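Chemist: Sequence:
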Amino acid sequence: MDNLHRSSAARGAESRSIAAECPDRLASLFAILSLFAFMSAATVFAGLLFPVTAWAQDGKAAGAPQRVVSIDGSITEIIYQLGAQDRLVAVDTTSRFPQAATELPDVGYMRQLSAEGILSMQPDLVITTEAAGPEMVFTQLKQAGIRVVRVANHYSLQGVLDKITAVAGALGKESEGQALVERIHQRSQALLQQMPADDASSVMFLLGAGSRGMMASGSGTQADAMLALVGASNAMGYSGYKPVSAEGALQAAPDVVLVAQLDDEVPESLQQSLAMTPASQQGRIHTVDVSLMLGFGPRLPDAIQQLQTILYPQTNEPVSKSRATGM
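As numbered in this note's numbering, residues 1 to 327 make up the sequence shown, in order.
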């Protein structure tokens, strides 16, 4: 009995000792957990303040998209300018520059896309502008787990710069994007400053519309935005695009006519419709590249320079290899 009593007493003393130590052990455990929590929070906070990009052995940012479908000619041009063309697996039909882009698989017209054609390219990024559609296609792509980036289309110099920044960010090419933005901004501003402030030519901008013939650009169009950028006046007083007739052209009385199409020849029927206009009488009907003039992409300075030569020939030297041809 004595041994049993002593054993029970020992166990009781041990229990009291463990109970006495529990607060100290719990306090130590709580301190350790608090330290881990603080270190984790500090790591996250430091990552936010000082982001670190991981780089693969090939020099590309780890996790950067490697199979890109570009939908919109201006987006495709930006990707080439950023030096990321090796990631392109497909483009759309509006991607006509540079020539190498036309050799890539084509997913169709940017306003009439299908999810199946895009998914067949197995992209990890689809990048486009807000003008592309239909909307259902992008919903289907997202549901399939494809990353979709849609960039705003603002038809202005700042809009182009913002578009470049957005595309560069999506591709993990921020430094290249910043350098491209600075080049385009500086060159565009230098050209725009040379535009005469008191010589706003009246311009009719015609766009080839397939079987519908030539459509004249009114307000609220990309052509109207381009004319405003270079200080020219739109000869057409309506909004959107409408067919042009000989009577309408004569009434508009443009000083200059710009014909935006894929080739250099102005259709004979159009020449006849414009024959009585001041532009025709003065030999100031010019063909221009539609992608260049309406793309609002990284070639914007080239478009500005060509329009400067056409509209204000007295202030500039001719543009080398210009498609502008007086008639």
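These are calculated hints, taken from the structure and not from any lab test. Please read these numbers as outputs of a predicted model, since none were measured by experiment. Don't be surprised by glycine CBs; every beta carbon is placed ideally from N, CA and C. Misleading hints may appear alongside valid ones.
[What the hints assert, rightly or not] Computed Cβ-Cβ distance ranges for the label pairs, DEER-style:
1) Gly283 to Gln251: 14 to 22 Å
2) Arg67 to Glu247: 13 to 21 Å
3) Gly237 to Ala152: 33 to 41 Å
4) Arg150 to Thr93: 14 to 22 Å
5) Gln281 to Asp86: 26 to 34 Å
6) Ala246 to Ala197: 32 to 40 Å
7) Arg67 to Asp198: 29 to 37 Å
8) Glu247 to Gly169: 47 to 55 Å
9) Pro98 to Gly63: 26 to 34 Å
10) Gly208 to Gly63: 36 to 44 Å
11) Gln281 to Gln66: 54 to 62 Å
12) Asp86 to Gly283: 28 to 36 Å
13) Gly283 to Gly213: 19 to 27 Å
14) Glu174 to Thr93: 27 to 35 Å
Chemist: Do the Cβ positions of Glu174 and Thr93 conform to the proposed distance bound of 27 to 35 Å?
Modeler: holds, 29 Å
Chemist: Holds or violated: the 26 to 34 Å window for the beta-carbon distance between Gln281 and Asp86?
Modeler: violated, 51 Å
Chemist: I want to verify a distance hint. Is the separation of the beta carbons of Gly208 and Gly63 within 36 to 44 Å?
Modeler: Roughly 43 Å apart at Cβ, these two residues keep to the hinted range, so it holds.
Chemist: Just to be sure I understand the hint, the distance between the Cβ atoms of Gly237 and Ala152 should be within 33 to 41 Å; is that true here?
Modeler: Since the Cβ atoms of Gly237 and Ala152 sit about 28 Å apart, the hinted range of 33 to 41 Å is violated.
Chemist: That 54 to 62 Å hint for Gln281 and Gln66 (C-beta), does it hold up?
Modeler: holds, 56 Å
Chemist: Kindly confirm whether 29 to 37 Å is satisfied by the beta carbon distance between Arg67 and Asp198.
Modeler: Given a distance of about 52 Å, which is not inside 29 to 37 Å, the answer is violated.
Chemist: When you take the CB atoms of Glu247 and Gly169, is the distance between them in 47 to 55 Å?
Modeler: holds, 50 Å
Chemist: Does the Cβ pair Pro98, Gly63 satisfy 26 to 34 Å?
Modeler: Taking Cβ atoms as reference, Pro98 and Gly63 lie about 28 Å apart, which means the hint holds.
Chemist: So does Arg67 sit 13 to 21 Å from Glu247, Cβ to Cβ?
Modeler: With a Cβ separation near 53 Å, Arg67 and Glu247 fall outside 13 to 21 Å, so the hint is violated.
Chemist: May I ask you to test the hint 32 to 40 Å on the CB atoms belonging to Ala246 and Ala197?
Modeler: holds, 33 Å
Chemist: Confirm or reject the claim that Gly283 and Gln251 have a C-beta distance inside 14 to 22 Å.
Modeler: holds, 21 Å
Chemist: CB of Asp86 to CB of Gly283, is that within 28 to 36 Å?
Modeler: Violated, at about 45 Å.
This entry does not satisfy hints 2, 3, 5, 7 and 12, going by the numbered hints stated previously.
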